[in-house]
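A.B. asks: So the chains spell out like this:
Protein chains: 2
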Amino acid sequence: MARLDIDSELLEFLASGRFRPGDRLPTISELQGEELLGISTSKVREQLEVARSLGLVEVRAGMGMRLRDWRFTPAVRLALFFALAMDEGNFELFSELRQHIELAFWDEACVLLDEDDLAALEDCMARARAKLDDEEWIQIPNQEHREFHLGIFRHLQNPFVTGLLEAYWDAYDAIEINRYADYDYLQTVWDYHGRILKAIRAGDFEAAREHFRKHTELLRYPPRRQRVSVTGENALTGVAG
Amino acid sequence: MARLDIDSELLEFLASGRFRPGDRLPTISELQGEELLGISTSKVREQLEVARSLGLVEVRAGMGMRLRDWRFTPAVRLALFFALAMDEGNFELFSELRQHIELAFWDEACVLLDEDDLAALEDCMARARAKLDDEEWIQIPNQEHREFHLGIFRHLQNPFVTGLLEAYWDAYDAIEINRYADYDYLQTVWDYHGRILKAIRAGDFEAAREHFRKHTELLRYPPRRQRVSVTGENALTGVAG
DNA sequence: GCCCTGCGATTAATCAGATAAATCCGATTA
DNA sequence: TAATCGGATTTATCTGATTAATCGCAGGGC
Chain A
1 MARLDIDSEL
11 LEFLASGRFR
21 PGDRLPTISE
31 LQGEELLGIS
41 TSKVREQLEV
51 ARSLGLVEVR
61 AGMGMRLRDW
71 RFTPAVRLAL
81 FFALAMDEGN
91 FELFSELRQH
101 IELAFWDEAC
111 VLLDEDDLAA
121 LEDCMARARA
131 KLDDEEWIQI
141 PNQEHREFHL
151 GIFRHLQNPF
161 VTGLLEAYWD
171 AYDAIEINRY
181 ADYDYLQTVW
191 DYHGRILKAI
201 RAGDFEAARE
211 HFRKHTELLR
221 YPPRRQRVSV
231 TGENALTGVA
241 G
Chain B
1 MARLDIDSEL
11 LEFLASGRFR
21 PGDRLPTISE
31 LQGEELLGIS
41 TSKVREQLEV
51 ARSLGLVEVR
61 AGMGMRLRDW
71 RFTPAVRLAL
81 FFALAMDEGN
91 FELFSELRQH
101 IELAFWDEAC
111 VLLDEDDLAA
121 LEDCMARARA
131 KLDDEEWIQI
141 PNQEHREFHL
151 GIFRHLQNPF
161 VTGLLEAYWD
171 AYDAIEINRY
181 ADYDYLQTVW
191 DYHGRILKAI
201 RAGDFEAARE
211 HFRKHTELLR
221 YPPRRQRVSV
231 TGENALTGVA
241 G
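Quick note, the sequences are listed as chains A and B, same order. Heads up: the first sequence begins at 1 in our numbering, then just goes up one per residue. Heads up: the second sequence begins at 1 in our numbering, then just goes up one per residue.
Just so you know, the hints here were simulated from the structure itself, not pulled from any lab data. Be a bit skeptical, because a hint or two may be false.
As the list claims (entries may be wrong) - Label-pair ranges, simulated between beta-carbon atoms: (1) A:TYR183 x B:GLY62: 58 to 64 Å; (2) A:GLU88 x B:GLN143: 35 to 41 Å; (3) A:TYR183 x B:PHE19: 36 to 42 Å; (4) A:TYR185 x B:ARG127: 50 to 56 Å; (5) B:SER42 x A:ARG20: 28 to 34 Å; (6) B:ILE175 x A:GLU30: 29 to 35 Å; (7) B:TYR183 x A:VAL59: 45 to 51 Å.
Please read all numbers here as calculations on a predicted model, not as lab measurements. No residue lacks a Cβ here, since even glycine has one placed at the ideal position from N, Cα and C.
Kindly produce the complete structure, drawing on both the sequences and the hints.
C.D. replies: This is the structure:
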């Protein structure tokens with residue numbers, strides 16, 4: 001696999017189309033045999049770990065291995081993790097890409113939303129509002145933020161687009177958590193979400209798209225850069241910060 | 001690393017920021033030690049293979065290992081390889097994404113082109129024309145096609161965008177080679193390239209963008225679906241087809 | 001008849017260690 | 001000076017052993 005920079009008997013084997021998602025794969029000892037891969041345990045396991053990191057195979061001790069559905073997200077997530085490790089400024093660049101992608105596929109995604117989807121989005125908004133309006137303990141609705149935006153693209157049948165968006169929100173959880181925890185700012189953001197949803201419901205996708213554009217520009221240039229201390233664990237690494 | 005689906009001492013170690021691109025990493029035996037990773041050879045090598053597949057480390061026998069610049073391309077390329085292995089129809093979906101991305105970042109990329117870049121693009125075009133006009137043996141200028149489009153985005157400082165585009169052209173080489181080898185069609189495509197370049201030179205990026213849009217739609221719905229047999233080796237896998 | 005327990009088979013997980021191959025660097029030599 | 005050789009370093013690959021997780025079946029208690 002010249003262009004892949006890796007030569008992996010296992011990856012070639014999996015790419016051969018011999019198996020479909022859900023299929024059980026041969027055991028490691030079987031794979032070692034000359035008639036399959038013809039490499040040692042350690043080599044198989046090295047390549048297996050690569051396949052696992054891509055979300056291609058699910059492997060559990062005692063149970064064997066299964067081929068999983070291919071998904072774009074794991075690879076992007078992995079790459080993005082290191083992009084952020086090398087330079088957190090990369091998040092801005094990825095955000096820019098994300099904004100353009102959502103804008104480009106906006107209408108295509110919106111027309112696929114049915115009544116149930118809109119109801120789910122409204123419920124998501126209500127939960128976000130409740131978190132913000134809790135007088136005792138204001139919580140930042142990051143989970144709802146993710147849910148809202150991914151919800152819009154729920155039915156888009158382009159795994160590359162949805163994969164990039166999912167990876168974006170993983171990274172968002174990881175590094176943006178509590179970052180712009182300004183009450184007025186968050187209220188404004190969710191006002192925009194309300195307008196977006198309202199416009200979608202009215203079938204005016206273009207207006208919704210415009211609200212989205214303004215909303216992301218707000219995110220990029222937040223009114224106050226009041227950065228609160230980040231406590232708790234890092235959502236991407238699971239390591240306490 | 002909860003969200004990464006992998007827990008890798010090595011990846012955490014590399015992400016810790018202890019090393020910069022170009023730095024030599026500790027040897028495998030050193031990494032094994034309790035004071036660094038505290039895992040066995042095979043485990044180190046499994047995780048090393050993942051890092052290598054992402055293009056994060058360069059490892060050569062007898063020389064040791066170096067941390068490389070982070071790049072988005074390897075991860076995307078790897079994921080895309082399997083996307084195509086599972087279903088070649090995925091290429092269409094990725095093409096769609098690619099078109100939108102190029103459109104979205106078009107102007108931003110064009111303003112960064114200087115005289116040398118334009119000259120290089122013109123040279124690229126001339127070479128493509130020469131291949132097409134060779135009366136003895138018409139060659140399909142896939143290499144020039146790649147060079148032309150990537151050349152437009154050469155100076156764009158967004159590694160995610162350029163990474164996705166590079167991966168696209170790798171896949172294009174792999175599965176589209178000689179696919180639409182229709183002479184008139186290719187002439188039309190390169191006519192569009194000429195118009196794109198002319199418009200860029202005139203500073204009319206919007207017109208150039210429109211030419212690009214038409215050109216990609218031509219690609220998506222080629223006038224004749226005359227599919228010629230694919231011979232030679234698969235550019236992605238290096239395996240003869 | 002049903003549930004619980006425990007045993008054995010299967011399979012992945014991890015480790016230790018040996019050998020081979022690649023590379024580098026300094027000493028030797030013509 | 002330049003070419004060559006040899007040893008040290010480091011990765012590459014393999015073998016085999018032990019541990020841990022899971023499953024399925026048989027047996028026993030109710």
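A.B. asks: All hints are to be evaluated individually against the structure, with a verdict given for each.
C.D. replies: Checked hints:
1. A:TYR183 x B:GLY62: 58 to 64 Å: holds, 59 Å
2. A:GLU88 x B:GLN143: 35 to 41 Å: Holds: the Cβ-Cβ distance is about 37 Å, inside 35 to 41 Å.
3. A:TYR183 x B:PHE19: 36 to 42 Å: holds, 40 Å
4. A:TYR185 x B:ARG127: 50 to 56 Å: holds, 53 Å
5. B:SER42 x A:ARG20: 28 to 34 Å: Roughly 30 Å apart at Cβ, these two residues keep to the hinted range, so it holds.
6. B:ILE175 x A:GLU30: 29 to 35 Å: holds, 31 Å
7. B:TYR183 x A:VAL59: 45 to 51 Å: Once the Cβ atoms are compared, 50 Å apart, the range 45 to 51 Å for VAL59 (chain A) and TYR183 (chain B) holds.
Of the numbered hints stated above, none is contradicted by the structure.
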